[in-house]
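Chain R is already provided as a structure; the job is to place chain S on it using the hints.
Protein chains: 2
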Amino acid sequence: MEKDVSIGLLGLGVVGSGVIQIVEEHQEELVHQLGCGVKVDKVLVRDMEKARQIEINHDLLTTNSDDVLANADIDVVVEVMGGVDTARKYILEALKAKKHVITANKDLIALHGPELEKVAQENGCDLFYEASVGGGIPLLRGLSDGLVSDRIQQVMGIVNGTTNYILTKMDKEGQSYEDALQKAQELGFAEADPTADVEGLDAARKMVILARLSFFTNVELDDVDVVGISNVSATDIDYGKKLDLTMKLIGFASRQDNQIDVSVEPTFISKTHPLAAVNNEYNAVYVSGENVGETMFYGAGAGSLPTATAVMSDVVEALKNMLLGVNGKQFVVPRFKKELTPADKRFSQFYLRLKVKDETGAFASISDLFNQLGISFERILQTPSNGDFAEVIVVTHQASSENFVKAMKQLDQLDVVESVESHYRVEGDA
Amino acid sequence: MEKDVSIGLLGLGVVGSGVIQIVEEHQEELVHQLGCGVKVDKVLVRDMEKARQIEINHDLLTTNSDDVLANADIDVVVEVMGGVDTARKYILEALKAKKHVITANKDLIALHGPELEKVAQENGCDLFYEASVGGGIPLLRGLSDGLVSDRIQQVMGIVNGTTNYILTKMDKEGQSYEDALQKAQELGFAEADPTADVEGLDAARKMVILARLSFFTNVELDDVDVVGISNVSATDIDYGKKLDLTMKLIGFASRQDNQIDVSVEPTFISKTHPLAAVNNEYNAVYVSGENVGETMFYGAGAGSLPTATAVMSDVVEALKNMLLGVNGKQFVVPRFKKELTPADKRFSQFYLRLKVKDETGAFASISDLFNQLGISFERILQTPSNGDFAEVIVVTHQASSENFVKAMKQLDQLDVVESVESHYRVEGDA
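Which chain is which? The protein sequence lines are R and S, in order. For the first sequence, our numbering gives the first residue as 1, with consecutive numbering after it. For the second sequence, our numbering gives the first residue as 1001, with consecutive numbering after it.
Hints are supplied without guarantee of correctness; some may be wrong.
To be verified - Cross-link-like lysine-lysine pairs, in silico, DSS-like; alpha carbons within 30 Å at most:
hint : chain 1 : residue 1 : chain 2 : residue 2
1    : S       : Lys1096   : R       : Lys320
2    : R       : Lys271    : S       : Lys1169
3    : S       : Lys1241   : R       : Lys169
What the hints assert, rightly or not - Which residues of chain R face chain S? A few of them, derived with a C-beta cut under 7 Å, are:
hint : residue
4    : Ile22
5    : Gly136
6    : Pro138
7    : Gly146
8    : Val148
9    : Ser149
10   : Asp150
11   : Asn291
12   : Leu305
13   : Pro306
14   : Thr309
15   : Met312
16   : Ser313
17   : Val316
18   : Leu324
What the hints assert, rightly or not - Ranges between beta-carbon positions, derived for each pair:
hint : chain 1 : residue 1 : chain 2 : residue 2 : range
19   : S       : Ser1233   : R       : Gly83     : 56 to 64 Å
20   : R       : Phe377    : S       : Leu1221   : 53 to 61 Å
21   : R       : Gln256    : S       : Pro1342   : 50 to 58 Å
22   : S       : Gln1153   : R       : Gln185    : 29 to 37 Å
23   : S       : Lys1096   : R       : Gly83     : 53 to 61 Å
24   : R       : Ser230    : S       : Glu1055   : 50 to 58 Å
25   : R       : Glu49     : S       : Leu1221   : 53 to 61 Å
26   : R       : Gln185    : S       : Ala1343   : 40 to 48 Å
27   : R       : Glu339    : S       : Val1084   : 46 to 54 Å
28   : S       : Glu1115   : R       : Ser230    : 53 to 61 Å
29   : S       : Pro1384   : R       : His32     : 57 to 65 Å
30   : S       : Asn1057   : R       : Arg151    : 23 to 31 Å
31   : S       : Gln1153   : R       : Thr86     : 33 to 41 Å
For the record, the hints were derived by calculation from the structure and aren't laboratory data. C-beta atoms are modelled at their ideal positions from N, C-alpha and C, and glycine is treated no differently.
So here's chain R without its partners, still in its complex pose (with noise of 0.2 Å):
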């Protein structure tokens, strides 16, 4: 029996009290695991007199960064104190001092990912960060180690729990945006300013974080075309019924040839297709690798306990390396040049629903623009006119983005469109 190993913390909110209590709940598991114990050894705080919501020794706290980073008995930092710059300052100090390093801050990964890897690498250190994405569902490893000899194609994902449940909500009791919000901020699930979220900010970060794994290749939050859930109207959730589909926000990465596509947006996905399944706050990630086929994972996304669960995989990670001293390999390991596809290369089906005047061969002249660009309708809805005018809901056949978005702009011009009332990507259509 070894030496027990000492970890620090840095913050002690939601996910920095899931990891105490782990640790003090399961010490028999980690013992099973390691052949020695780990202990808590110092927890950094802002605030020493704030109240907790778990018991702990008041000895273990301190205002003092040092008392971590500069403790010579600490063998792990884990970051769970979130913000960008304090925290990378931090993770940087711990691993010049051969800390390894656990987090949980998908936005500094999402910013500083590759350098603080390359530092880590530098120092012989781990630096892991499964608890960035999915919260505790055991994701990253699982596509980097799991799939470790296929060749991930694309990544779909609905990696923010607030705005899935905003569109559950939506979707099976009719409620409106707005509402939806409303409950999801009295359930804690959004917060007083959500747009990080609802802005698809989050999703955003997230899918960059994965991106990198599945491509090798250094994504930054740039590359990255992103809309929220802001507009989406209860009225296309309403047709996207009638269609079968599903609204959601959804994470694209995808590779082709060697070119990469990542993006955010809201997304009708067929009501047959897993992702439709993943409801309220819950989040999953659907992988399509070459060899694997299709493969999802599912889990909650966020939450004090599960997120610690992947904290916590992840210390025993590090700790198991630094037994074995085997640590300081990287979690991505960059290789191939960034190169984006061109909007020419991306294809998907799209949803689309129009105003039109009430006309003679005011649909005929609407097909007829779609058919010179070369883009054919999988589905027409027509609703009744109200004497002026008609909706008119179509889902195309696989387009380019660039053919789609050219027929935005000339659908405009069109004398009997009143007006493009929206639009969506359609994904998953059997």
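Using the frame of chain R, we list chain S on its own:
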């Protein structure tokens, strides 16, 4: 750049061919992961002249097992020949010759896993079998590493693609069991003798492996209660639809306190549960952990390339360990004495279909009987009588297996009950 490592194959069927294909086509990925190449050195076959699905250098083939097992150049032996006795003998030989062993053989691991793990450890060798459950889904390592500091409470798995295909056809297309089975045989999803699949034996073997891994105890095949799908009728599937229930062959492995319970049986799953959306030949395993909550792993449960992907993830793991000099860590280290949950502590909801005489008070005496056993009803469906008999379908609230079995026996004695037509476990009810 180190010297190439060599693997030897026992068997060259669908999975073996997939391994050869991946090694050839993904050499670059393997070099990237390992810092050296991987080559297939020898392949044991039964018949040198048999036509193969893939092109392979004839010099690699042999009918002499010593060319693999006693070959000093070979570091890792991949067993994909199937069967139990010969496979066991070869694997024991390989381990004693200090070769790491990867196998996709669920029958062998279910029957002899603990013995083989012990011999592997005694010889400082890796023995991995990710492909034995869930084909290409990164499942076993997800459970053992991803949830390392969690306590798994329940595993519910759709782990047999053949039966899931048959049940999907019955549910979605109203086919009879016989027609769906024939269709599955035509498509190659079911074998000419489908017994092992349709009677639940294949699923039981996989549940043994999952239960050992989840609960750290030596579960054996005899511990599993097994009911197959050959008696599932279109009638019950139809009633299920009316009750928003979908029939699936579910493998259960549950732990409460330190008692465990493992079974395989046709089960009605609530349509809102993620497992209800797992269709056709797909597999999925739904895991409930004390901390992580609910997680699901989904993907192709069989097939040449998906299964070979899982085999190759094990090969890479063993080779990494070898290059680092850290082999011999067991997948499953049993540490609890096995104790089975008695029937009075096994709870679930139940579906029950009765043929009942068309008499006043018939339903009253049935509900009286259940009432006396403390079993209450959640839902009741009664069909119009044909003059003599009516069908009564009930879904109970949670009840113990013991009490439900008692109820079945007493119903048989009840004068108003012509017959108990069918009964099934019900899960996932919200």
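Here's how the hints hold up against the structure:
no., hint, in the structure
1, S/Lys1096 with R/Lys320, "holds, 26 Å"
2, R/Lys271 with S/Lys1169, "holds, 17 Å"
3, S/Lys1241 with R/Lys169, "holds, 24 Å"
4, Ile22, "holds, 5 Å"
5, Gly136, "holds, 4 Å"
6, Pro138, "holds, 2 Å"
7, Gly146, "holds, 2 Å"
8, Val148, "holds, 5 Å"
9, Ser149, "holds, 4 Å"
10, Asp150, "holds, 5 Å"
11, Asn291, "holds, 4 Å"
12, Leu305, "holds, 4 Å"
13, Pro306, "holds, 5 Å"
14, Thr309, "holds, 4 Å"
15, Met312, "holds, 4 Å"
16, Ser313, "holds, 5 Å"
17, Val316, "holds, 5 Å"
18, Leu324, "holds, 5 Å"
19, S/Ser1233 with R/Gly83: 56 to 64 Å, "holds, 59 Å"
20, R/Phe377 with S/Leu1221: 53 to 61 Å, "holds, 55 Å"
21, R/Gln256 with S/Pro1342: 50 to 58 Å, "holds, 56 Å"
22, S/Gln1153 with R/Gln185: 29 to 37 Å, "holds, 31 Å"
23, S/Lys1096 with R/Gly83: 53 to 61 Å, "holds, 55 Å"
24, R/Ser230 with S/Glu1055: 50 to 58 Å, "holds, 55 Å"
25, R/Glu49 with S/Leu1221: 53 to 61 Å, "holds, 58 Å"
26, R/Gln185 with S/Ala1343: 40 to 48 Å, "holds, 46 Å"
27, R/Glu339 with S/Val1084: 46 to 54 Å, "holds, 50 Å"
28, S/Glu1115 with R/Ser230: 53 to 61 Å, "holds, 60 Å"
29, S/Pro1384 with R/His32: 57 to 65 Å, "holds, 60 Å"
30, S/Asn1057 with R/Arg151: 23 to 31 Å, "holds, 24 Å"
31, S/Gln1153 with R/Thr86: 33 to 41 Å, "holds, 38 Å"
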